[in-house]
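Residue strings, one per chain:
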Amino acid sequence: MKVLTLLEAVTDALRTEMTSDTSVVVLGEDVGLEGGVFRATAGLQRDFGEQRCFDTPISESGIVGAAVGMAVAGLRPVVEIQFSGFAFPAFNQIVSHVSRIRNRTRGAMSAPLVIRMPYGGGIRAPEHHSESVEAFFGHIPGLKVVIPSTPHDAKGLLISAIRDPDPVIYLEPSRAYRAVRQEVPEEAYEIEIGAAHVEAEGEDLTLVSYGAQMMEARQARAALAAEGRSVELIDLRTIYPFDAATVVESVRKTGRLLVVHEGPQSFGVGAELMATVMEHAFDLLEAPPARLAGPDVIFPMPRGERHYLTSAEQVAAEARKVMSYEP
Amino acid sequence: MIENYDPREGRTLTLLDAEGKLGPLPQGMPRLSDDQALAAYKAMVLARQADEWAVNLNRQGRMPTYALNKGQEANSVGALMALRPDDWLVPAFRELGGLLIRGIPLKHWYLYWYGNEAANHLPPDTYRTFPNSVPIGSQMVHAVGLAWAERYKGSDRIAITFLGEGGTSEGEFHEACNLAGVWKAGVIFYVQNNYWSISLPWPKQSASATVAEKGFAYGFPGIRVDGNDVFAVYAAVKLAADRARAGLGPTLIEGETYRLGAHTTSDDPTKYRTEAEVKEWEPRDPLTRLQRYLVCQKKLTEEEAVRLREQSLACAQAAFEEAEQVPDPAMEDMFRWHFLEMPDLMARQLERRKT
Chain A
1 MKVLTLLEAV TDALRTEMTS DTSVVVLGED VGLEGGVFRA TAGLQRDFGE
51 QRCFDTPISE SGIVGAAVGM AVAGLRPVVE IQFSGFAFPA FNQIVSHVSR
101 IRNRTRGAMS APLVIRMPYG GGIRAPEHHS ESVEAFFGHI PGLKVVIPST
151 PHDAKGLLIS AIRDPDPVIY LEPSRAYRAV RQEVPEEAYE IEIGAAHVEA
201 EGEDLTLVSY GAQMMEARQA RAALAAEGRS VELIDLRTIY PFDAATVVES
251 VRKTGRLLVV HEGPQSFGVG AELMATVMEH AFDLLEAPPA RLAGPDVIFP
301 MPRGERHYLT SAEQVAAEAR KVMSYEP
Chain B
1 MIENYDPREG RTLTLLDAEG KLGPLPQGMP RLSDDQALAA YKAMVLARQA
51 DEWAVNLNRQ GRMPTYALNK GQEANSVGAL MALRPDDWLV PAFRELGGLL
101 IRGIPLKHWY LYWYGNEAAN HLPPDTYRTF PNSVPIGSQM VHAVGLAWAE
151 RYKGSDRIAI TFLGEGGTSE GEFHEACNLA GVWKAGVIFY VQNNYWSISL
201 PWPKQSASAT VAEKGFAYGF PGIRVDGNDV FAVYAAVKLA ADRARAGLGP
251 TLIEGETYRL GAHTTSDDPT KYRTEAEVKE WEPRDPLTRL QRYLVCQKKL
301 TEEEAVRLRE QSLACAQAAF EEAEQVPDPA MEDMFRWHFL EMPDLMARQL
351 ERRKT
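These protein sequence lines are chains A and B, in that order.
The working numbering applies: residue 1 is where the first sequence begins, and numbers increase by one.
The working numbering applies: residue 1 is where the second sequence begins, and numbers increase by one.
With the rest of the complex left out, here is chain A:
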């Protein structure tokens, strides 16, 4: 097995699927010769040709809309949106067409495409380059939304997304792109969309996170373990359809829940998970479910981003509060 970064695992997944399936084409801004601004598509144009991996004009709505046509015509387009903050011009296509074509045609047509985009802050990027967009997309009926936090999952989830018969928004935590390394199998494999991953078992608290924020969650778990606290850490991996069963089952065991995510708190993934746990495990709760999310503010420019991001210490502190709660 090769040791890859999360970013390299994305490239590896694209390469794997492009090799085995000629209907897979990659398009986006600067994805060809340049290999993408983060180099996620590095070498693909060289190895597969300009028909398979090509640059588009700066035209997010056009790219996504054209991918709808390509997908209906039988291809498996993988679109790269350069940054999640640039996905908004494509919102009409995503909401009005990508997510709807199967339902509107009662199954006569479908749009099995993937829209990849780096998301989230912490990389000292300019304005409009740090948005957490998972809650918007998770709220749109007809879309699947996934977020890997490890190289292994990045490859498997992307392969699953490309093979999925329905459209998948694949969000890549840019802060974790080069920060996480892991052994990744060379062959193709899938990670089930809709399945959370219990990354580490524990008894005292269920800590749920995803994406780049998993890095702080892991550190917090380790710090708490040193204090003798046993935390069960779940990587949600799929925002929609999220794995309610795994989260609820864990909370039934621990009686306590903390959800940590970078995106703004209100109407966020934390709210949804807390509500789900309240519905299905209310009588087993030993403390009010808690969330530690980004504030309801516009993501700051680099000099101020430290005020926004949640540290491992903050996660650990919040976890201690939940674990020490007594009615």
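What the hints contain is simulated information worked out from the structure, not anything from laboratory work.
As the structure is a prediction and not an experimental result, all values here were calculated from the model.
Incorrect hints may appear among the rest.
Taking lysine to any residue and the SDA-like style, the derived pairs with C-alpha atoms no more than 25 Å apart in a straight line are [to be verified]: (1) B:K214 - A:N92; (2) A:K2 - A:R163; (3) B:K299 - B:E280; (4) B:K184 - A:K2; (5) B:K153 - A:E50.
For chain A, the structure is supplied; the task is to place chain B on it using the hints.
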């Protein structure tokens, strides 16, 4: 040939005059045969009768809001006659005549406006037709992608998409034209310029003299045709289709036409336009002109025309009754078509709704 009708020089391609006379066609101009013209006429009459019956049904309270094609029928009919049945069609929502040429049963059109998604269950391998597109202008890029994919697969199928002149103000018009130009996509953009986008007249929609001239800025030709002349529409689309199939890229066609009816049955055009203006356009009604031509060519008699209208009305009535008989969607249908396999989250919501 298209270059001979540069809209920037004020030219519009017209072949059939107001009296229904077809002059000698320029060398190389594609010509709809008289048999095809009769088939076009039949589709246009059926579309017209279907519209009128739908308005009647709406007044009876049996049909929800309905968008009319009246006055614009020659555009989609002529266009679809110039294409192959396996080319892609991405309509807006005033292309009933074209759908009929495609062989899509009128029942589906009625069922759509009646409010049942089952209307759009048209297998693409059979019809290669997208459902009506309501978000204005957003459908154009789909045609660009379809054309790109067909070329990628090595086929010579092309795509046509329709929109109204109002759609040219959307950002997606620009994105679609720009992408198609850069990709030399085998696509035809057909703009039905019916002068009114609900209440806004063309001069307030754009400061451009024509829609067609916008094509040149994207690196491909635009042509303005008399959209109420099925011969001209056919010729322009045929020329554009030949270009597209030969790999020469897109064409922007502006069909100059007029919406003789309301925007939809919920609209009252007397609030924003004069009766006199409508009267001015009535002599240019595409059906009248084509009927005159066919009578003159002895392909049709006045009596046959009357009988055809009656038969078409009966056909529309029968089609609507068929649509009315289609059972309303079951609650499951609201859930089951979002994904190939319904996620547990949705399955639980469905179960809860059922109880």
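Consistency of the hints with the structure:
1. B:K214 - A:N92: This hinted pair holds, its Cα atoms lying about 23 Å apart.
2. A:K2 - A:R163: This hinted pair holds, its Cα atoms lying about 23 Å apart.
3. B:K299 - B:E280: Violated. K299 of chain B to E280 of chain B sits at ~28 Å, over the 25 Å cutoff.
4. B:K184 - A:K2: violated (41 Å)
5. B:K153 - A:E50: Given pair K153 of chain B, E50 of chain A holds - Cα atoms ~14 Å apart, limit 25 Å.
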